[in-house]
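Protein chains in written order, with the numbering used here: chain L, 7 to 247; chain P, 7 to 247.
It is possible that some hints are incorrect.
No copy is singled out in the list; a pair is fine if it fits within one copy or between any two copies.
Below, a list of computed lysine-lysine pairs in the DSS-like style, where the Cα atoms sit at most 30 Å apart [said to hold, decoys possible]: (1) K246 / K209; (2) K181 / K239; (3) K181 / K209.
The set of hints was computed from the structure by calculation and includes no laboratory data.
Computed from a predicted structure; not experimentally measured.
What follows is each chain in one-letter form.
2 protein chains.
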Amino acid sequence: MTYCVGLLLNAGMVCLSDTRTNAGLDNISTYRKMFTFNVPDERVITIMTAGSLSVTQTTLARLDEAAVDIEATPQTSILLAPTILQVVEIIGRTLAATSKEIGNRMGESASSASASMIVAGQRAGGDMRMFLVYPEGNFIEATPDTPYLQIGEHKYGKPILDRVVTPETSISDAKKAVLLSMDSTLRSNLSVGMPLDLAVIEKDACRVTEQRRIEEGDAVFREMSAAWSIALKDGFSAIKI
Amino acid sequence: MTYCVGLLLNAGMVCLSDTRTNAGLDNISTYRKMFTFNVPDERVITIMTAGSLSVTQTTLARLDEAAVDIEATPQTSILLAPTILQVVEIIGRTLAATSKEIGNRMGESASSASASMIVAGQRAGGDMRMFLVYPEGNFIEATPDTPYLQIGEHKYGKPILDRVVTPETSISDAKKAVLLSMDSTLRSNLSVGMPLDLAVIEKDACRVTEQRRIEEGDAVFREMSAAWSIALKDGFSAIKI
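So here's chain L without its partners, still in its complex pose:
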């Protein structure tokens, strides 16, 4: 499993992903699930992935290859597509085609050859946009009503997002929110694991303005997690019924 979450705020976009992949409980590895494509001062695209590693890796490799191909066109390269919407359409097509191809090869057990992605991007002069791309290549977009998107094991970490995240949330609060959302998920689901990748794309920067890998035992994360635990217990004790 996996947990990735992205917030689309007035001040910027905040993305967080875990790194655990597993094929059964007895085969656990660490793989990066966050990838950034950047044309300095022109566009930034951050992709987070969940699902079959074979599908997500192949999809990313193909997007990468198509982007740098000498015959790349705005219809095939996410570095040349004229809008973020068209970037997402390229990603959706590549993901769906890869899923289908691998699914066909797998035959009956094809149900596991699927993957989904969160795509956060901005072009110079354009709006920040964030999409969730489904295995079939169709997608939905984050809006002010629900300014976050999640893929993978999303349930444990959803309540905190519902309660604190709005488009007005500051980048600093947003980092706290995604980390606490991840903290609840890590506690409850073994298939989501450290280290974490955090990326912040501030509005109109057209680059990742903060990128951090949070390792197991990271002091800041551990303190925040402990403080949250205490805050929850104190809040609980204070409530009268």
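Based on these hints, arrange chain P on the given structure of chain L.
Just chain P now, with coordinates in the frame of chain L:
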């Protein structure tokens, strides 16, 4: 869907269930999912149900009929079985047989003909025991390490239980914990809905010592939910990263 939770504490057992059932999103009804069998001063058994309504209703009806049959024996009646373990075995057998029968009748779509149950019980002179009965009739038991059991939509409401519930938790804190656990679930999942049924079985009472239906708009529940929301937001604001 459904959410039911039971806590096994040193001071007693606390059970909470919602009442929403649905066949598709456009067919929602209210059905009680908590049932109590009581022989005053001798035994108390509270059963909570999740899954196919046709399976759970038929199972309960059969348990009821078998219990009051004039030829009832300790092998067939949950009111006569000599231990709570044997009570659970009767329930497990009845549930599995009913599931199988209804599943056979449904043929290919049999996957939906399954149900699970939480059984909380005590006999005079015996220990309080709480079991989760799986669709196949096998079961697991709550222990001091994990003194709670959940069925149905369990993920949203698990983090709060993990953080605050231990066997030493008081009945009053336990009621608060299950109600807040339900509150998180109600917020996130449309298929779980008010009203709620709350039951408390104090240790050695051999009866339900508190039984309450919490209706939509219940003032106490609403205040508690609002206080929890504020506590979470305040706790969140106070954390530094």
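Here is how each hint holds up against the structure:
In the homo-oligomer, the alpha carbons of K246 and K209 lie at most 30 Å apart only across protomers (23 Å), although the nearest pairing inside one protomer, at 43 Å, exceeds that limit. In this homomeric assembly, K181 and K239 come within 30 Å of each other (Cα to Cα) both inside a single copy, at 22 Å, and across copies, at 15 Å. Within a single copy, K181 and K209 get their C-alpha atoms as close as 15 Å, which meets the 30 Å cut-off; across copies the closest is 45 Å, which misses it.
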